[in-house]
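Student: Same order as they appear, the protein sequences are chains A and B. Residues in the first sequence are numbered consecutively from 607, following my numbering. Residues in the second sequence are numbered consecutively from 48, following my numbering.
These are calculated hints, taken from the structure and not from any lab test. All figures in this text were calculated on a predicted structure; none of them were measured in a lab. Even for Gly, the Cβ is constructed at its ideal location relative to N, Cα and C. Take these hints with a grain of salt, some might be off.
[What the hints assert, rightly or not] Each computed DSS-like pair below joins lysine-lysine, with the alpha-carbon atoms no more than 30 Å apart: (1) A:671 <-> B:75; (2) A:615 <-> A:869; (3) B:76 <-> A:866; (4) B:58 <-> B:94; (5) A:775 <-> B:151; (6) A:866 <-> B:151; (7) A:866 <-> B:67; (8) B:164 <-> A:844; (9) B:164 <-> A:665; (10) A:615 <-> B:49; (11) A:869 <-> B:151; (12) A:788 <-> B:107; (13) A:736 <-> A:788; (14) A:775 <-> B:94; (15) A:665 <-> A:844; (16) A:788 <-> B:151; (17) A:866 <-> B:68; (18) A:615 <-> B:75; (19) B:76 <-> A:775; (20) A:844 <-> B:76; (21) A:844 <-> B:151; (22) A:775 <-> B:68; (23) A:869 <-> B:164; (24) A:844 <-> B:75; (25) A:736 <-> B:164; (26) B:75 <-> A:867; (27) B:151 <-> A:665; (28) A:869 <-> B:75; (29) A:869 <-> B:67; (30) A:788 <-> B:49; (31) A:728 <-> A:665; (32) B:94 <-> A:867; (33) A:742 <-> A:671; (34) A:734 <-> A:665; (35) A:867 <-> B:67.
[Unchecked claim] Distance ranges between label pairs, derived from CB positions: (36) B:223 <-> A:713: 33 to 43 Å; (37) B:74 <-> A:805: 35 to 45 Å; (38) A:739 <-> B:92: 48 to 58 Å; (39) A:616 <-> B:205: 43 to 53 Å.
Residue-level listing of the chains:
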Amino acid sequence: MFGYIIPDKPDLRIWEFEVFRGYYCGVCKAMAKRAGHRGRIVLTYDCAFLALLLDSLEKEPVSGKQKRCLVHPLKKRYIADNTSAVEYASDINILLSYYNLKDKWQDERNLLGPAGMAVLKKGYKKVKKKYPELVKEVEEELETLRELEQRNCDSIDEVSEPFARIMQKVFLYGKKCESAGKVLGWVGYNLGKWIYLLDAYDDIEDNIKNGSYNPLVVQYKYSENESVESFRERIREKTEFVLVYSLSELEKAFSLLDIKKNKSILDNIIYRGLLIKTRNVLQMGAGCHEESL
Amino acid sequence: MKNPYEVLGLKEGASVEEIKKAYRELVKKYHPDRYRDNPLSDLAEEKLREINEAYDILMKNANNSSQRQQQQQQYQRQQQSQNTGSGYYGGGYSGNSDYVYQIKMMIQNGNYAQAQKMLDAMPVRDATWNYLQGLLFLRRGWYDRANAHLRRAVEMEPNNMEYRDALSRVNTQYNTYRYNNNFYRGGYNNNPDMCSICTTLWCADSLCECFGGDLISCC
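Bound-form chain B, shown alone:
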């Protein structure tokens, strides 16, 4: 068993607030939604389980485990609603939902060759087909085609939430990385330069003077 503090990336003896904050961030980072179209989703789940356990241990020490249980229940509920959700939409494919479900499971389990075979055998190239083909390509790393197929699926059936979700997941992932905090946190090229510091000071000084005070006495 690993040290729970280490799992959450904290120093021994961190405060409850710090634990909560670290936990929230890690859950966001390894959230199953984020890894849904990724071949490593099982490993992300494992990691999340580890984080949950570590959090439980630490919060039990802090006599406050009820809150996490609540969160966990909430999360499980979310999962369930998602699962039933996809089942429902999958059922939209008349008479073929079982076939579609099989393909989905194969993609999920990394059996790409078989999934591709079954997709090739489908008689029509409708929205469902495009959607599944998109998901498969996404997992295999063929992002250009994946994107095209998912777009096509949404174009063909604009009201299908499952297809739209998949496409928006792709866009969210793209944008989250592209505009990641590390990149846009205001590094060396975004810091206020001398000019804007001076202007700000000057402004503050003028405002103070307006009200009869003074910030910088020499001007």
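The shape of chain A in the complex, shown without the other chains:
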């Protein structure tokens, strides 16, 4: 996961912002519990969203407390309690970050990889023990993804499939009830597709420079006498179609969920945040604001 799922902050009311950040902090705290304080460094907004979405399907009101934490010791902050949704999201964060670091090491020999893996090792083992089925399925999909990347797959649909399915499974697992699971799965699938392809577009320049695999570069046949900028321009509309269409499918699935709380925050993310992020990465200059929390 790459931290692309964020709300449109200026459009959030202050309490909404506090609640969203509360989930973010809650996931962070849960991660520290599972993987030690150093395990917090891999925290992403994507998993805060996962916690928010899953918890919003439960009818109990949002629970949390004003607390101090190690990372922000000066001011008390609202931190969501360690509900099952928050804990699950934090476990997923550890799991996916671990694989991401592993990937970094295998692909780029980036030393951050083994360093991070060492930090997360303990947490990863715990998570693996807790969800053996999920971990097995995720690892199989990652293997497929590796194969596709290694044989220079020239279809963005095909190569984005494994990651989309990983996310599908992650969301499906979050809720065992069958029909809600199916809907959540489709939210996850499309989110995964969107994340994978958005990341690919984001990385075009780097990938071209060091000659590493990028599905967009392969499918749309980047040629050497073309500048990176004009290539990005050339494929912008086509990429936008797939990205926005994925989001529109996600929105349909989301409409079918029985959201019990935090509806306005989720709406903000799904109808604004994701679109703004898409535009910013595609550099469409929507004049939109984006800040870190």
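Chain A is already provided as a structure; the job is to place chain B on it using the hints.
Tutor: Just chain B now, kept in the frame of chain A:
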């Protein structure tokens, strides 16, 4: 049984007008047309049924159920005409309409692997093939290819309404989300700024003065 007000997202004791408005919006939201190419279409149908029931109960209380019945009949008629419509166009595929129908049903029922097998076995890659392949990819989440196949189908048979409908559904869905009301409702970046408020006031003042009145007396 759920509380009908809750189903329509209303507060207990909402007025007839409010009920109607909420109902209209929800029907639009869960309309089968919107979920036609989506793997969750059965769940959307279920949701719509729930909404219809809730509306019926509430309107019966308001002694006004005849209107909904009318709407429902109208809607059923629409459905029927659509069904016969697709049957007719499907029949255009000479001698193979049964085969095509089977593939359509498989896509509808989520039996994607079998549908793909049958598509692979088709001897020609004509407009129908492209159309079906497009529908299948759409359901599976392979949007790039789906779009390409549907376009190809329309290019090959520009007069076939069924193919054109499918392609235009894709475009409508894309644009509806891309330009969704929540995004373009005029949020913080579209509100009138101080400058345009002042200009508007100034304009209004000048106009009033033209007619001998005055809006802002100090200028």
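Student: Does each hint fit the structure? Answer for all of them.
Tutor: Evaluation of the provided hints:
Pair hint residue 671 (chain A) plus residue 75 (chain B) does not hold up; C-alpha atoms about 40 Å apart against a cutoff of 30 Å. Distance restraint check for residue 615 (chain A) and residue 869 (chain A): the Cα-Cα separation of roughly 15 Å lies within the 30 Å cut-off, and the hinted pair is therefore satisfied. Proposed proximity of residue 76 (chain B) and residue 866 (chain A) is supported: the alpha carbons are some 18 Å apart, at most 30 Å. Of the supplied pair hints, the one linking residue 58 (chain B) and residue 94 (chain B) holds, its CA atoms being roughly 19 Å apart against a limit of 30 Å.
Under the criterion of a C-alpha separation no larger than 30 Å, the hint pairing residue 775 (chain A) with residue 151 (chain B) is consistent with the structure, at around 27 Å. Of the supplied pair hints, the one linking residue 866 (chain A) and residue 151 (chain B) is violated, its CA atoms being roughly 36 Å apart against a limit of 30 Å. A C-alpha spacing of about 23 Å is found between residue 866 (chain A) and residue 67 (chain B), which places the hinted pair at or below 30 Å, so the restraint holds. Restraint check for residue 164 (chain B) and residue 844 (chain A): satisfied, since their Cα atoms lie roughly 28 Å apart, inside the 30 Å limit.
For a cut-off of 30 Å, the pair hint linking residue 164 (chain B) to residue 665 (chain A) is broken: about 44 Å separates their Cα positions. Restraint check for residue 615 (chain A) and residue 49 (chain B): not satisfied, since their Cα atoms lie roughly 35 Å apart, outside the 30 Å limit. For the suggested pair residue 869 (chain A) and residue 151 (chain B), the alpha carbons sit about 36 Å apart, so the restraint of at most 30 Å is broken. A C-alpha spacing of about 34 Å is found between residue 788 (chain A) and residue 107 (chain B), which places the hinted pair above 30 Å, so the restraint is violated.
Pair hint residue 736 (chain A) plus residue 788 (chain A) holds up; C-alpha atoms about 22 Å apart against a cutoff of 30 Å. Between residue 775 (chain A) and residue 94 (chain B), the direct Cα distance comes to roughly 24 Å. Compliance with the 30 Å bound is thereby established for this hinted pair. Annotation: proposed proximity of residue 665 (chain A) to residue 844 (chain A) is violated, straight-line Cα distance about 41 Å (limit 30 Å). Our distance criterion of 30 Å between C-alpha atoms is met by residue 788 (chain A) and residue 151 (chain B), whose separation comes to about 22 Å.
Using a Cα cut-off of 30 Å, the hinted pair residue 866 (chain A) and residue 68 (chain B) holds, with the two alpha carbons roughly 22 Å apart. A C-alpha spacing of about 29 Å is found between residue 615 (chain A) and residue 75 (chain B), which places the hinted pair at or below 30 Å, so the restraint holds. Only pairs whose Cα atoms come within 30 Å are accepted, and residue 76 (chain B) paired with residue 775 (chain A) is accepted, the gap being roughly 26 Å. Among the hinted pairs, residue 844 (chain A) with residue 76 (chain B) is consistent with the structure: their alpha-carbon atoms are about 27 Å apart, no more than 30 Å.
Simply put, residue 844 (chain A) and residue 151 (chain B) have alpha-carbon atoms about 27 Å apart, close enough for the 30 Å limit, and the pair holds. Pair hint residue 775 (chain A) plus residue 68 (chain B) does not hold up; C-alpha atoms about 37 Å apart against a cutoff of 30 Å. Restraint check for residue 869 (chain A) and residue 164 (chain B): the C-alpha separation of about 42 Å exceeds 30 Å, so the hint is violated. With a C-alpha separation of about 28 Å, the suggested pairing of residue 844 (chain A) with residue 75 (chain B) holds against the 30 Å cut-off.
Annotation: proposed proximity of residue 736 (chain A) to residue 164 (chain B) is violated, straight-line Cα distance about 38 Å (limit 30 Å). Our distance criterion of 30 Å between C-alpha atoms is met by residue 75 (chain B) and residue 867 (chain A), whose separation comes to about 23 Å. Straight-line distance between C-alpha atoms of residue 151 (chain B) and residue 665 (chain A) comes to about 39 Å, which puts the hinted pair past the 30 Å bound. Simply put, residue 869 (chain A) and residue 75 (chain B) have alpha-carbon atoms about 19 Å apart, close enough for the 30 Å limit, and the pair holds.
Pair hint residue 869 (chain A) plus residue 67 (chain B) holds up; C-alpha atoms about 22 Å apart against a cutoff of 30 Å. Proposed proximity of residue 788 (chain A) and residue 49 (chain B) is supported: the alpha carbons are some 22 Å apart, at most 30 Å. Note on residue 728 (chain A) and residue 665 (chain A): the hinted pairing is violated, with a Cα-Cα distance of about 33 Å set against a maximum of 30 Å. Between residue 94 (chain B) and residue 867 (chain A) the CA atoms are separated by roughly 19 Å; this keeps the pair inside 30 Å, and the hint holds.
Straight-line distance between C-alpha atoms of residue 742 (chain A) and residue 671 (chain A) comes to about 36 Å, which puts the hinted pair past the 30 Å bound. Proximity of residue 734 (chain A) to residue 665 (chain A) is assessed by CA-CA distance (about 29 Å); at most 30 Å being required, the pair is judged to hold. Taking the CA atoms of residue 867 (chain A) and residue 67 (chain B), the gap is about 24 Å. The hint holds against a cut of 30 Å. One distance hint, 33 to 43 Å for the beta-carbon pair residue 223 (chain B) and residue 713 (chain A), holds here, with the actual separation near 38 Å.
Evaluation of the 35 to 45 Å hint for residue 74 (chain B) and residue 805 (chain A) yields a pass: the beta carbon distance comes to about 38 Å. Look at residue 739 (chain A) against residue 92 (chain B): about 31 Å separates their beta carbons, and that is not inside 48 to 58 Å. Between residue 616 (chain A) and residue 205 (chain B) the CB atoms are about 46 Å apart, so this pair conforms to the stated range of 43 to 53 Å.
Figure legend: structure checked against the earlier numbered hints; hints not met, in rising order: 1, 6, 9, 10, 11, 12, 15, 22, 23, 25, 27, 31, 33 and 38.
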